Amino acid sequence: MQKNSLTLDVFCLKSKKMTLFDKIWNKHVVHAIEGGPSVFYIDRHFIHEVTSPQAFDGLRKRGIPVARPDKTVATADHNVPTVDQHLPIRETLSRMQVEKLTENCAAFGVELYGLGHPFQGIVHVIGPELGITQPGMTIVCGDSHTSTHGAFGTIAFGIGTSEVEMVLATQCLLQSKPKQMRINVDGVLQPGVTSKDIILYIISKISASGATGYFVEYAGSAIRNLSMEARMTICNMSIEMGARGGLIAPDETTFNYLKGRKFAPQGTDWDAKVAEWRTLVTDTDAQFDQELHLVAEDIQPMVTYGTNPGMGIPVTGLIPEESSLEEKERLSFRKSLEYMGLQQGAAIKGQKIDYVFIGSCTNSRIEDLRQVAAFVQGKQKANDVEVWIVPGSKQVEEQAKAEGLRTIFEQAGFQLRQPGCSACLGMNEDKIPAGKYCISTSNRNFEGRQGQGARTLLASPLTAAAAAVTGVVTDIRDF
Amino acid sequence: MKINSRYIPLNIENVDTDQIIPARFLKATSRDGFGKNLFRDWRYHNDDEGQPKTDFVLNNPAYQGKILVAAKNFGCGSSREHAAWALKDYGFDAVVSSFFADIFKNNALNNFLLPVQVSDEFLEGLWAAIDQNPDAEIAIDVEQQTITNVTSGEIAHFDINAYKKNCLINGYDDIDFLLSIRTDIEAYEAAHV
Ligand code: SF4
Chain A
361 MQKNSLTLDV FCLKSKKMTL FDKIWNKHVV HAIEGGPSVF YIDRHFIHEV
411 TSPQAFDGLR KRGIPVARPD KTVATADHNV PTVDQHLPIR ETLSRMQVEK
461 LTENCAAFGV ELYGLGHPFQ GIVHVIGPEL GITQPGMTIV CGDSHTSTHG
511 AFGTIAFGIG TSEVEMVLAT QCLLQSKPKQ MRINVDGVLQ PGVTSKDIIL
561 YIISKISASG ATGYFVEYAG SAIRNLSMEA RMTICNMSIE MGARGGLIAP
611 DETTFNYLKG RKFAPQGTDW DAKVAEWRTL VTDTDAQFDQ ELHLVAEDIQ
661 PMVTYGTNPG MGIPVTGLIP EESSLEEKER LSFRKSLEYM GLQQGAAIKG
711 QKIDYVFIGS CTNSRIEDLR QVAAFVQGKQ KANDVEVWIV PGSKQVEEQA
761 KAEGLRTIFE QAGFQLRQPG CSACLGMNED KIPAGKYCIS TSNRNFEGRQ
811 GQGARTLLAS PLTAAAAAVT GVVTDIRDF
Chain B
925 MKINSRYIPL NIENVDTDQI IPARFLKATS RDGFGKNLFR DWRYHNDDEG
975 QPKTDFVLNN PAYQGKILVA AKNFGCGSSR EHAAWALKDY GFDAVVSSFF
1025 ADIFKNNALN NFLLPVQVSD EFLEGLWAAI DQNPDAEIAI DVEQQTITNV
1075 TSGEIAHFDI NAYKKNCLIN GYDDIDFLLS IRTDIEAYEA AHV
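Protein sequences, first through last, are from chains A and B. All residue numbers for the first sequence refer to my numbering, where the first residue is 361 and numbers rise by one. All residue numbers for the second sequence refer to my numbering, where the first residue is 925 and numbers rise by one.
A hint or two may mislead.
Said to hold, decoys possible - Dumping the calculated DSS-like pairs for lysine-lysine here, alpha-carbon to alpha-carbon at most 30 Å:
1. Lys712(A) / Lys977(B)
2. Lys1089(B) / Lys539(A)
3. Lys977(B) / Lys537(A)
To be verified - Some chain B residues close to chain A (C-beta under 7 Å, calculated; not the full set):
4. Lys951
5. Thr953
6. Arg955
7. Asp956
8. Ser1002
9. Glu1005
10. Asp1026
11. Ile1027
12. Asn1031
13. Asp1098
14. Ile1099
15. Leu1102
FYI, nobody ran anything at the bench for these hints, they're computed from the structure. Because the structure is a prediction, the values reported are computed rather than measured. Note that beta-carbon positions come from the ideal geometry of N, C-alpha and C, so glycine has one too.
Could you put together the complete structure from these sequences and hints?
Below is the structure:
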């Protein structure tokens, strides 16, 4: 009897084609609630100063500890200054929030990579670079760009503060299984086109809400050929089309990236893990609720002109005409262009830029900085442009110095600052003044995102670097 | 559980959580008092409470009520739960839209702010009703999962999962539930972790 049902199980498992997402999901369901969500186990929980204080307070009120401090890692990133990090934070509320995190981590026994620590940095940059993020894991953080970790073949997504409290308290979350979408990008990227352009292109095609309710798997030869860091840029922005998260099947690129990292498995453990990770692929013929096919050769360097990340066009393109839109979209479109101070039908190329921000969990890794340095070497920034390069982590900062990138930046008139979220969300002093145009490698161009009245144009690090040199939106391919 | 009220029409698509509560107000370490900064940059000129933007709907005294009606893709962007806290603290008990961002929807439910997703047509009906009469009302019945455009009498069904509905009606908390199944979680950990 027992034997029979076992055979049946194995048979069912074999016949049912599973996606990569299904495989990880199924392994993490602790308990399924009738007519409701599943109790879902979380392997790694990242926390930061902004979305955690109320959650720790909740634990105190309930009189309970952090269930698994060994699976929880904290850093200070959203609110920290990017100059003089050795000094006390000047702004009182920011300082209090960072101090609160230190206090909470000490009280609840959570590892903290705070200011001054050699591992400090943006939460989605440090997880991968320390090898904490590993294929097959479930990862959450009170931050919507947790999807970044999906580049390693993980189910990683952002949660709210009540859910942060839930995970601290129980290491579990209540989750309903999302629908699944596969986005295939096949072909070869043209020179000057980067992974940032791929994702801006995808979002411009399917809109800022086109993947709401879905988890996305990115596949295809153009994705396979990307480095780990480039893959992270793509997964990072999954949320900008509404997706809960995005993931990419792990492969040799993934294993080579992870090997030898601080918290990656070592020795015989490593071999066993790699063998396990190799099974993390979508079965041939597995079904998705939606599937898209895109051609890499169609993608050009992209820039956004509006106030959501779906409002992107090729750098050589024109801002759409209102008449080309559906009636009900027109009001929002008009409001958006008014905020941006841009005209319908106009070219984006040649638009004057005041600030350049190269940073954020989308594009602040060492490869991004190397790419920018290789381009600006021997060039000068335009006179009236301010250029900030904010590394994603202390380790990236140190490496940039060691490789001589800082010298290149300084000679070009770029400032290499200290790690943090910085002008990505303008919670610290790094704000873009009202009315000014900033070309930014971050992920959101919402009204006021980089400071009240700030006007953000999202682009790749290369396109941003080109604008830094010319002072206007520029096609990198013209160099 | 019923929410019957006049409503405030916010006919803008893709309202992101950076607009609902701008980042500079996320420095607090408690959950209280976010209502006064709800839609801060749409409500005031130069961040000055003495200079309200009169064309913004929350500043129009003609519109009142505990229900916010918004256009497609409400609550997109940042996962900040502060957005749900701000709406609730300001006095809203429900938000109606034709489409909600996922994280916002969870955050809202976790704070007893009801997200009600309706069809584009139903939403059109609500805009039409309030265009005619700013006192127009909506009636929401959580048990029955129905929303009524009181002006036109149009009734629609909305989805909410059975577990969450039960939590909402009875004031239950997810964490209490998860703590109650701690032995299951420990068994899972023993087998898998
Ligand atoms: S860099 Fe920006 S998007 Fe990334 S975690 Fe920080 S604030 Fe969020």
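So, going through the hints one by one against the coordinates:
1. Taking the CA atoms of Lys712(A) and Lys977(B), the gap is about 29 Å. The hint holds against a cut of 30 Å.
2. Our distance criterion of 30 Å between C-alpha atoms is met by Lys1089(B) and Lys539(A), whose separation comes to about 21 Å.
3. A distance of roughly 42 Å separates the Cα atoms of Lys977(B) and Lys537(A); the hinted pair therefore is violated under the 30 Å criterion.
4. With a least beta-carbon distance of about 4 Å to chain A, the hint placing Lys951(B) at the interface is held under the 7 Å criterion.
5. Hint on Thr953(B) holds. Least Cβ distance to chain A is approximately 4 Å, under the 7 Å limit.
6. Contact between Arg955(B) and chain A, as hinted, is supported at the beta carbon level, the nearest pair being about 5 Å apart and thus within 7 Å.
7. For the restraint placing Asp956(B) at the interface with chain A, the shortest Cβ-Cβ distance is roughly 10 Å, beyond the 7 Å limit, so the hint is violated.
8. For Ser1002(B), the suggested interface contact is upheld, since its CB lies about 6 Å from the closest CB of chain A, less than 7 Å.
9. A distance limit of 7 Å between C-beta atoms decides the matter here; for Glu1005(B) the minimum to chain A is near 4 Å, and the interface restraint holds.
10. The closest approach between the C-beta of Asp1026(B) and any C-beta of chain A is roughly 6 Å, which is under the 7 Å cut-off, so the hint is satisfied.
11. The beta carbon of Ile1027(B) comes within 6 Å of a beta carbon in chain A, closer than 7 Å, and the hint placing it at the interface holds.
12. A distance limit of 7 Å between C-beta atoms decides the matter here; for Asn1031(B) the minimum to chain A is near 4 Å, and the interface restraint holds.
13. Interface restraint check: Asp1098(B) against chain A, minimum CB-CB distance 5 Å, threshold 7 Å, status holds.
14. Using the Cβ-Cβ criterion of 7 Å, the hint placing Ile1099(B) at the interface with chain A is satisfied: the shortest such distance is roughly 5 Å.
15. Among the interface hints, the one on Leu1102(B) holds; its C-beta lies about 4 Å from the nearest C-beta in chain A, closer than the 7 Å criterion.
Checked against the numbered hints above, the structure breaks hints 3, 7 and satisfies the rest.
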